[in-house]
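Residue numbers (this note's numbering), protein chains in the order written: chain A, 1 to 135; chain B, 1 to 388.
It is worth saying that the hints were derived from the structure and are not from the lab. Hints are not guaranteed to be accurate.
[To be verified] Straight-line C-alpha distance at most 30 angstroms; calculated DSSO-like pairs for lysine-lysine:
id, chain 1, residue 1, chain 2, residue 2
1, B, 376, A, 11
2, B, 376, A, 48
3, B, 376, A, 20
4, A, 79, B, 376
5, B, 376, A, 117
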Amino acid sequence: MSDVQSMYSEKVMEHFRDPKNVGEMENPSGIGHVGNPVCGDIMELYIKVEDDVITDAKFKTFGCGAAIATSSMVTELVKGKTIEDALKISNRAVAEALGGLPSIKMHCSVLAEEALKSAIDDYLAKSHQKNKVSP
Amino acid sequence: MGRIYLDYAATTPMHPDVLKDMLPHFNESFGNPSTIYSYGQEAKAAREEARARVASLIGAHDEEIVLTSGGTEADNCAVEGIAFANETKGNHIITTSIEHHAVLETCKFLEKHGFIVTYLPVDKYGMVNHEDVKKALTSQTILITVMHANNEVGTIQPIAEIGKIAKEAGVIFHTDAVQTVGHIPVDVNELGVDLLSMSAHKLYGPKGVGALYIRKGTKIVSFMHGGEQERGRRAGTENIPGIVGFGKAAELAQMEIIDEAKRLTDLRGKLITGLSNRIDDVQLNGHPEQRLPNNVNMSVDFVEGESMLLNLDLEGICASTGSACSSGSLEASHVLLAMGLSHVQAHGSLRFTLGAWTTEEEIERVLDVLPGIVSKLRAMSPLINSRR
Numbered sequence: 001m002s003d004v005q006s007m008y009s010e011k012v013m014e015h016f017r018d019p020k021n022v023g024e025m026e027n028p029s030g031i032g033h034v035g036n037p038v039c040g041d042i043m044e045l046y047i048k049v050e051d052d053v054i055t056d057a058k059f060k061t062f063g064c065g066a067a068i069a070t071s072s073m074v075t076e077l078v079k080g081k082t083i084e085d086a087l088k089i090s091n092r093a094v095a096e097a098l099g100g101l102p103s104i105k106m107h108c109s110v111l112a113e114e115a116l117k118s119a120i121d122d123y124l125a126k127s128h129q130k131n132k133v134s135p
Numbered sequence: 001m002g003r004i005y006l007d008y009a010a011t012t013p014m015h016p017d018v019l020k021d022m023l024p025h026f027n028e029s030f031g032n033p034s035t036i037y038s039y040g041q042e043a044k045a046a047r048e049e050a051r052a053r054v055a056s057l058i059g060a061h062d063e064e065i066v067l068t069s070g071g072t073e074a075d076n077c078a079v080e081g082i083a084f085a086n087e088t089k090g091n092h093i094i095t096t097s098i099e100h101h102a103v104l105e106t107c108k109f110l111e112k113h114g115f116i117v118t119y120l121p122v123d124k125y126g127m128v129n130h131e132d133v134k135k136a137l138t139s140q141t142i143l144i145t146v147m148h149a150n151n152e153v154g155t156i157q158p159i160a161e162i163g164k165i166a167k168e169a170g171v172i173f174h175t176d177a178v179q180t181v182g183h184i185p186v187d188v189n190e191l192g193v194d195l196l197s198m199s200a201h202k203l204y205g206p207k208g209v210g211a212l213y214i215r216k217g218t219k220i221v222s223f224m225h226g227g228e229q230e231r232g233r234r235a236g237t238e239n240i241p242g243i244v245g246f247g248k249a250a251e252l253a254q255m256e257i258i259d260e261a262k263r264l265t266d267l268r269g270k271l272i273t274g275l276s277n278r279i280d281d282v283q284l285n286g287h288p289e290q291r292l293p294n295n296v297n298m299s300v301d302f303v304e305g306e307s308m309l310l311n312l313d314l315e316g317i318c319a320s321t322g323s324a325c326s327s328g329s330l331e332a333s334h335v336l337l338a339m340g341l342s343h344v345q346a347h348g349s350l351r352f353t354l355g356a357w358t359t360e361e362e363i364e365r366v367l368d369v370l371p372g373i374v375s376k377l378r379a380m381s382p383l384i385n386s387r388r
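Chain A with its partners taken away, still in its complex shape (with noise of 0.2 angstroms):
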């Protein structure tokens, strides 16, 4: 591969490049879908969770670099966490995590955000516990 000028940042495109923990999930513990055709991506998350922690997380992206960077990245970022703190991830925190994004694409990290939310909240509606978070 050529090293190129590129509108990202190296840690972007090095996650676009090679991005971690794609794929679907044999019987995940929450699903995240978050997006839409209109503004052209869609996320989905996979999280397993043990214990209240989150042992595994996986995605599937259709989306731009920055949308499948940030997708790559909270997966990792949310791996080993608790729920508790996984809910404390933000977009700003995977954006800073990813050496920063051009403004255009700050909805990319928003949306996996949401992703993770929507996975989360998934989770905690089949778990039938009662401190319910809100989207």
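Keeping the supplied structure of chain A fixed, place chain B upon it in accordance with the hints.
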């Protein structure tokens, strides 16, 4: 293999002969053509030689060519200039839903100033029906503006037919020919147009220069106010190096146009056939035959355009997409949506536009590389292999 540039519809590299002709006009022959001494007269002569070459390329008279800063200025100047020159006659403009933004946004601006605009639909190939133009005419219609060929999907519009309708109705007819001039034969009389926009950097000339053809006798309000340059129709000291470059590019295009169109049509066919054979679930966007010789636009199902572009870029291949993600807007290509593509298909479009330095080896390289990129992205697409 070095970088492979397949975005000639965005811009073209300058032809070396164009650069060579331009260079003396930056410093040695730097005069202002409005002055009477030798420096100025040299510049004026160079400008007029260039104007004649541009006029000759489209079958126009020299004095019908107004030099501008590019295609966008030519479009703005034409649409706005004709609208305001004819506002006492009527306030209706007919255009299409697939025009370049330089025309569409000018029409939207005019709507805010009391003009009524009809945006004609296109068929699935991105083609306007000339009968629709006829039906849209009212007693208030003062301008028809339809692009010669679409910049995204390459579909060549029935301009000559629309020209006849415009002439019968006595309505002024403009075409944005930025994508066709220098690439396919363009003759203002055969097309029956009153105004025609061109841009130099799409035909191996420099950026920042273009022209508007205005048929003799067409009343137009000038858009740039100031000095008497361009017979009072476009004020401002001329970009002489750029104009000289445009002239040279026009001359070269005229010599090579037929052979080059044939060569590119063959390469285009090779790329379309190759991609269709090697990748499942792809479709050609635009008309299969009535299309620019250098345009290939395909939708690749289940994957998004920018992610394909970035992967191609990593392989040194430069292309384009109609996906919103690459343009900074939130909507996918208005052209693809007007043709009836779904949002997903529009976001999954890829455009390769070929040009003078495109080789068969480069096309083969794209055919070797793209299937792998698509497979990789499809493996992470939530739109396929879903268990639900």
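Each hint, compared with the structure:
Annotation: proposed proximity of residue 376 of chain B to residue 11 of chain A holds, straight-line Cα distance about 19 angstroms (limit 30 angstroms). The suggested pairing of residue 376 of chain B with residue 48 of chain A holds, with an alpha-carbon distance near 24 angstroms, which does not exceed 30 angstroms. At roughly 13 angstroms between alpha-carbon atoms, residue 376 of chain B and residue 20 of chain A fall within 30 angstroms of each other, so this suggested pair holds. Restraint check for residue 79 of chain A and residue 376 of chain B: satisfied, since their Cα atoms lie roughly 24 angstroms apart, inside the 30 angstroms limit.
Of the supplied pair hints, the one linking residue 376 of chain B and residue 117 of chain A holds, its CA atoms being roughly 27 angstroms apart against a limit of 30 angstroms.
Taken one by one, the earlier hints all hold for this structure without exception.
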